[in-house]
Amino acid sequence: MTIAETQEALLAEFASCGDWDARYQKLILLGKALPPMPEAMRIDANKIKGCQAQVWLFPEWKGGLVYFHADSDALIVKGIVALLVRIYNGQAPAAILSEPLTLIDKLELTRYLTPTRANGLSAMLKQLRLFAYALQARQAPA
Amino acid sequence: MESPTLAKPKESALRAAFPVLSRKVHGKPLVYLDNAATTLKPAAVLDAMDHYYRHGTANIHRGIHTLAEEATAAYEGARDRVAAFVRASSRGEILFTRGTTESINLVAQAWGRGALKPGDEILLTGMEHHANLVPWQLLRDATGAVLREIPVTEAGELDLGALPGLLGERTKLVAFPWVSNALGTVNPAAELVRLVRQHCGGKILVDGAQAVSHFPVDVGALDIDFLAFSGHKLYGPTGIGVLWGRESLLEAMPPWQGGGDMIKTVTFESASWNELPHKFEAGTPAIAEAIGLGAAVAFVEETGWETIRERENELRRYAEPLLGAVPGLRLLGAAGERAPVFSFNLPGVHPSDIGALLDTEGIAIRTGTHCTMPLHARFGLSASARASFAFYNTRHEADLLLQGLDKVLRLTR
Chain A
1 MTIAETQEAL LAEFASCGDW DARYQKLILL GKALPPMPEA MRIDANKIKG CQAQVWLFPE
61 WKGGLVYFHA DSDALIVKGI VALLVRIYNG QAPAAILSEP LTLIDKLELT RYLTPTRANG
121 LSAMLKQLRL FAYALQARQA PA
Chain B
143 MESPTLAKPK ESALRAAFPV LSRKVHGKPL VYLDNAATTL KPAAVLDAMD HYYRHGTANI
203 HRGIHTLAEE ATAAYEGARD RVAAFVRASS RGEILFTRGT TESINLVAQA WGRGALKPGD
263 EILLTGMEHH ANLVPWQLLR DATGAVLREI PVTEAGELDL GALPGLLGER TKLVAFPWVS
323 NALGTVNPAA ELVRLVRQHC GGKILVDGAQ AVSHFPVDVG ALDIDFLAFS GHKLYGPTGI
383 GVLWGRESLL EAMPPWQGGG DMIKTVTFES ASWNELPHKF EAGTPAIAEA IGLGAAVAFV
443 EETGWETIRE RENELRRYAE PLLGAVPGLR LLGAAGERAP VFSFNLPGVH PSDIGALLDT
503 EGIAIRTGTH CTMPLHARFG LSASARASFA FYNTRHEADL LLQGLDKVLR LTR
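As given, the protein sequences belong to chains A and B, one line each in that order.
Here the numbering used here is used: the first residue of the first sequence is 1, the next is one more, and so on.
Here the numbering used here is used: the first residue of the second sequence is 143, the next is one more, and so on.
Be careful, since some hints might not be right.
Below, computed lysine-lysine pairings styled on DSBU-like, alpha-carbon distance capped at 30 Å [what the hints assert, rightly or not]:
hint	chain 1	residue 1	chain 2	residue 2
1	B	K259	A	K32
2	A	K49	A	K126
3	A	K106	A	K47
4	A	K49	A	K106
5	A	K62	A	K47
6	B	K170	A	K26
7	B	K314	A	K106
8	A	K32	B	K549
9	A	K126	A	K32
10	A	K26	B	K259
11	A	K62	A	K49
12	A	K32	A	K47
13	B	K549	A	K49
14	A	K106	B	K152
15	B	K549	B	K166
16	B	K166	A	K26
17	A	K106	A	K126
18	A	K49	A	K32
19	A	K47	A	K26
20	A	K62	A	K32
21	A	K26	A	K49
22	B	K259	A	K106
23	B	K166	B	K152
24	A	K126	A	K26
25	B	K152	B	K170
26	B	K259	B	K314
27	A	K106	A	K32
Simulated from the structure, these hints should not be mistaken for lab results.
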């Protein structure tokens, strides 16, 4: 699936939630479903600055594609990072850097994201794209 | 749940004074329980500030024209109000600052640099807000002084038994919060002062940021040397605070910032200082904010301490057992004397989740460390959620908080 297709699919999943409580519950469940992050990766170097809760993000590259390990000690934040992981996992760096993130606005999640959390989201996205950028630079012919 | 309204005067009238209380958040009536971070502002404060800008903007002290004289009278009138509010012995003892933080930094720099020698001791507590800790760390680094700490018990109270052993010839300053911003503990200030005076000749600074909105203060009766507090936690605007200092001490202290208004005469080579309080107020001050603070003090006095204390005590007594009954909820501290401030944790739920989910219900609380990282470390926590009440809050709002916490538990289970 492309980044756009994954976002469409997630949008449809959230649309089937009745009310805001159900959406939050869905977000929390997505977070809980993240594969456990190996303890060795839960280190300060992999922490994202700008979030009130602790968030760890660690990339892996396989065959020119990027895969992310992520975790947080807060459930909603973990849900948000899980959304991002689902959207960007297994994508090429060029796609991660060029395709827009539309889901968060369409879900109207930002309506409920206070600036602290919204900033945390932009910090996560920035870090994710930095990883993609680093990989792209590494792949570029010398 | 049945929520009988509190006693006289009418709750609705008290609440009507605060315009923000009529707004909605996410479609729900705002439940403002973040009063320890900043209180809401009554219309009287907003009107006083608006009036200054709309009818009389002028700089103070130097102008000869009507607007300047009116502005000076309003600004200095606010100082008189504050002086009476804390029972200062003269208006010169009231210095306007940006807030508690700046007040404490002023003492650390203007008093501390001259008063402390290597090895001298500053005694603090384990429940300091960072504003009453970091300025002393900076002073320690500049002077070679040593920081010591009165420990905090499991109940969230100061271990007074340890105090005499911490006081000695080298104790030059004892600084403590009258009310803990995280625990709500009301420290026994009079008892602390008595013990300090008995065992050493050190100066005493009280961080009154969380105290002045809850009960009346009499700096003379308390026999302290410095009191720092903020306007914005006292129903006043941000950007204005107070340092009360004993006049003899302030007289002996050098200025800490140079500029206009704080001087008597200036030549190119040197300057002589203006008298108190102006010696410590360099530059154009926060005029509108000072006027707003004066209005806030008048508002508190008109509302009456009896009303404020009665309502806050009743809210605390009502909310505490309700919170205690939430499954798994861990309340920080259990001091006998406390302000209506509750820091807590829920098992398996990060405080930021509690705050975010309560926000969807229109309920505003604080999450994080509340600028008390050492205190959180003492309780083995990295963060907590804090609900803090003011006299305009209601039992019904405490009920809504409980319903909100039920929702948090339901959604995060």
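Evaluated hints:
For the hint pairing B/K259 with A/K32, the CA-to-CA distance comes to about 55 Å; that exceeds 30 Å, so the pair is violated. Between the alpha carbons of A/K49 and A/K126 the distance comes to roughly 11 Å, so the proposed pair stays at or under 30 Å and holds. The suggested pairing of A/K106 with A/K47 holds, with an alpha-carbon distance near 27 Å, which does not exceed 30 Å. Only pairs whose Cα atoms come within 30 Å are accepted, and A/K49 paired with A/K106 is accepted, the gap being roughly 25 Å.
Distance hint between A/K62 and A/K47 is fulfilled; the C-alpha atoms sit about 22 Å from each other, no more than 30 Å. Using a Cα cut-off of 30 Å, the hinted pair B/K170 and A/K26 holds, with the two alpha carbons roughly 22 Å apart. A threshold of 30 Å between alpha carbons decides the hint, and for B/K314 with A/K106 the separation of about 60 Å lies outside it, so the pair is violated. Between A/K32 and B/K549, the direct Cα distance comes to roughly 18 Å. Compliance with the 30 Å bound is thereby established for this hinted pair.
For the hint linking A/K126 to A/K32, the alpha-carbon distance of about 23 Å falls within 30 Å, and the restraint holds. Proximity of A/K26 to B/K259 is assessed by CA-CA distance (about 60 Å); at most 30 Å being required, the pair is judged violated. A C-alpha spacing of about 26 Å is found between A/K62 and A/K49, which places the hinted pair at or below 30 Å, so the restraint holds. Of the supplied pair hints, the one linking A/K32 and A/K47 holds, its CA atoms being roughly 19 Å apart against a limit of 30 Å.
Taking the CA atoms of B/K549 and A/K49, the gap is near 29 Å; set against the 30 Å cutoff, the hint holds. Straight-line distance between C-alpha atoms of A/K106 and B/K152 comes to about 45 Å, which puts the hinted pair past the 30 Å bound. The suggested pairing of B/K549 with B/K166 holds, with an alpha-carbon distance near 19 Å, which does not exceed 30 Å. Of the supplied pair hints, the one linking B/K166 and A/K26 holds, its CA atoms being roughly 26 Å apart against a limit of 30 Å.
Under the criterion of a C-alpha separation no larger than 30 Å, the hint pairing A/K106 with A/K126 is consistent with the structure, at around 19 Å. For the given pair, A/K49 sits about 22 Å from A/K32 by alpha-carbon distance, which is consistent with the 30 Å threshold. This hinted pair checks out: A/K47 and A/K26 have alpha carbons roughly 24 Å apart, not beyond 30 Å. A hinted pair counts as satisfied when its Cα atoms are at most 30 Å apart, and A/K62 with A/K32 qualifies at roughly 25 Å.
Note on A/K26 and A/K49: the hinted pairing holds, with a Cα-Cα distance of about 25 Å set against a maximum of 30 Å. Distance restraint check for B/K259 and A/K106: the Cα-Cα separation of roughly 62 Å exceeds the 30 Å cut-off, and the hinted pair is therefore not satisfied. Simply put, B/K166 and B/K152 have alpha-carbon atoms about 22 Å apart, close enough for the 30 Å limit, and the pair holds. At most 30 Å may separate the alpha-carbon atoms for a hinted pair to count; A/K126 and A/K26 meet this at roughly 24 Å.
Note on B/K152 and B/K170: the hinted pairing holds, with a Cα-Cα distance of about 23 Å set against a maximum of 30 Å. Between B/K259 and B/K314, the direct Cα distance comes to roughly 9 Å. Compliance with the 30 Å bound is thereby established for this hinted pair. Distance hint between A/K106 and A/K32 is fulfilled; the C-alpha atoms sit about 22 Å from each other, no more than 30 Å.
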